[in-house]
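Visitor: Sequences are here, hints too, so could you generate the full structure?
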Amino acid sequence: MKAGVTIADVKNVIIWGNHSSTQFPDAKHAVVTKGGKEVDAYTAVNDTAFLQGPFISTIQKRGAVIIQKRKLSSAMSAAKAACDHIHDWHFGTKPTIQKRGAVIIQKRKLSSAMSAAKAACDHIHDWHFGTKPGEWVSMAVPSDGSYGVPAGLIFSFPVTIDGATKEWKIVQGLSLDDFAKQKMAATQKELEEERDDALKACDEANM
Numbered sequence: 001m002k003a004g005v006t007i008a009d010v011k012n013v014i015i016w017g018n019h020s021s022t023q024f025p026d027a028k029h030a031v032v033t034k035g036g037k038e039v040d041a042y043t044a045v046n047d048t049a050f051l052q053g054p055f056i057s058t059i060q061k062r063g064a065v066i067i068q069k070r071k072l073s074s075a076m077s078a079a080k081a082a083c084d085h086i087h088d089w090h091f092g093t094k095p096t097i098q099k100r101g102a103v104i105i106q107k108r109k110l111s112s113a114m115s116a117a118k119a120a121c122d123h124i125h126d127w128h129f130g131t132k133p134g135e136w137v138s139m140a141v142p143s144d145g146s147y148g149v150p151a152g153l154i155f156s157f158p159v160t161i162d163g164a165t166k167e168w169k170i171v172q173g174l175s176l177d178d179f180a181k182q183k184m185a186a187t188q189k190e191l192e193e194e195r196d197d198a199l200k201a202c203d204e205a206n207m
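Taken in order, the sequence shown gives residues 1 to 207; the numbers are from full-length UniProt numbering.
By construction, these hints were calculated from the structure, which means they are not laboratory data. We put the beta carbon where it would ideally sit given N, CA and C, even for glycine. Watch out, some of these pointers could steer you wrong.
Subject to a maximum C-alpha distance of 16 Å in a straight line, what follows is the list of computed EDC-like cross-link-like pairs (lysine to aspartate or glutamate) [what the hints assert, rightly or not]:
id: 1; residue 1: LYS166; residue 2: ASP126
id: 2; residue 1: LYS2; residue 2: ASP40
id: 3; residue 1: LYS132; residue 2: ASP144
id: 4; residue 1: LYS11; residue 2: GLU38
id: 5; residue 1: LYS28; residue 2: GLU167
id: 6; residue 1: LYS11; residue 2: ASP40
id: 7; residue 1: LYS11; residue 2: ASP126
id: 8; residue 1: LYS132; residue 2: ASP178
id: 9; residue 1: LYS132; residue 2: ASP177
id: 10; residue 1: LYS28; residue 2: ASP178
Computed beta-carbon distance windows for the label pairs [as the list claims (entries may be wrong)]:
id: 11; residue 1: LYS118; residue 2: ASN46; range: 40 to 48 Å
id: 12; residue 1: VAL39; residue 2: ALA205; range: 49 to 57 Å
id: 13; residue 1: GLY53; residue 2: HIS19; range: 15 to 23 Å
id: 14; residue 1: GLN182; residue 2: ALA151; range: 48 to 56 Å
id: 15; residue 1: LYS169; residue 2: ALA119; range: 17 to 25 Å
id: 16; residue 1: PHE50; residue 2: ASP162; range: 34 to 42 Å
id: 17; residue 1: GLY152; residue 2: ASP40; range: 16 to 24 Å
id: 18; residue 1: HIS19; residue 2: GLY134; range: 52 to 60 Å
id: 19; residue 1: GLY35; residue 2: ASP122; range: 23 to 31 Å
Guide: Encoded structure:
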């Protein structure tokens, strides 16, 4: 919206790190097609304060906003849906419940699952057919030590995918300024803490 283009005219935005409020949405290497010409996102938006402020915080907090609006986390929503499904299967459905999907579609012009479903489809599409030349997508993959992220840590990186071999590669050589390094360090720290907590829980459970 800030650049005056649609999402189809934007490519190579990166999500670094964790899928949490520490994730780092990075537009530094993004490209925007505007007026038939490709320009970098910072030039297209012409608002560094926005790209290093509200742009990042809005994406970081979107999960919490959804939880607040829907009163359910994405995991809790799935669990409740499963319980509701079994309840309806056992006891029968009610007209209100039967129609709620149609009501959601009418209000949002999309099904309640469409956003997540499309994201999954896009992800699988890129994995199967590969990324276009000059483009990358963000995926959580085991680090190979790139950009200072410890090897083996599952971390969201920009990757390219070979459609023939289905192999992904972390994009190399992207410049990182001090702002980006600080954001990446924060999300890396959180992921390391989560990994350590998970390993500790496994040890305590003798797994």
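Visitor: Now, for every hint given, state plainly whether the structure supports it.
Guide: Against the structure, the hints come out as follows:
For the hint pairing LYS166 with ASP126, the CA-to-CA distance comes to about 9 Å; that is within 16 Å, so the pair holds. For the suggested pair LYS2 and ASP40, the alpha carbons sit about 13 Å apart, so the restraint of at most 16 Å is met. Distance hint between LYS132 and ASP144 is unfulfilled; the C-alpha atoms sit about 23 Å from each other, more than 16 Å. Of the pairs offered as hints, the one joining LYS11 and GLU38 holds, with about 10 Å between alpha carbons and a cut-off of 16 Å not exceeded.
Pair hint LYS28 plus GLU167 does not hold up; C-alpha atoms about 25 Å apart against a cutoff of 16 Å. In summary, the hint linking LYS11 to ASP40 is supported, as the alpha carbons are separated by about 10 Å, within the 16 Å threshold. Among the hinted pairs, LYS11 with ASP126 is consistent with the structure: their alpha-carbon atoms are about 14 Å apart, no more than 16 Å. Taken as a hint, the LYS132 and ASP178 pair is broken in the structure, with Cα atoms around 30 Å apart against an allowance of 16 Å.
Taken as a hint, the LYS132 and ASP177 pair is broken in the structure, with Cα atoms around 26 Å apart against an allowance of 16 Å. For the proposed pair LYS28 and ASP178, the alpha carbon gap of about 12 Å is at most 16 Å, so the pair holds. For LYS118 paired with ASN46, a C-beta distance near 30 Å fails the hint of 40 to 48 Å. Under the hint 49 to 57 Å, the C-beta atoms of VAL39 and ALA205, about 53 Å apart, fit the expected range.
At roughly 21 Å, the beta-carbon separation of GLY53 and HIS19 lies within the given 15 to 23 Å, and the hint holds. Against the hinted window of 48 to 56 Å, the Cβ-Cβ separation of GLN182 and ALA151 comes to about 22 Å, which falls outside the hint. At about 22 Å, the beta-carbon gap between LYS169 and ALA119 stays in the expected band of 17 to 25 Å. The given range of 34 to 42 Å is respected by PHE50 and ASP162, whose C-beta atoms sit roughly 35 Å from each other.
As the Cβ distance of GLY152 to ASP40 is approximately 33 Å, the hint placing it in 16 to 24 Å is violated. HIS19 and GLY134 have their C-beta atoms about 26 Å apart, which leaves the hinted 52 to 60 Å range violated. Taking the beta carbon of each, GLY35 and ASP122 are about 26 Å apart, inside 23 to 31 Å as hinted.
Comparing the model with each earlier hint shows violations of hints 3, 5, 8, 9, 11, 14, 17 and 18; every other hint is respected.
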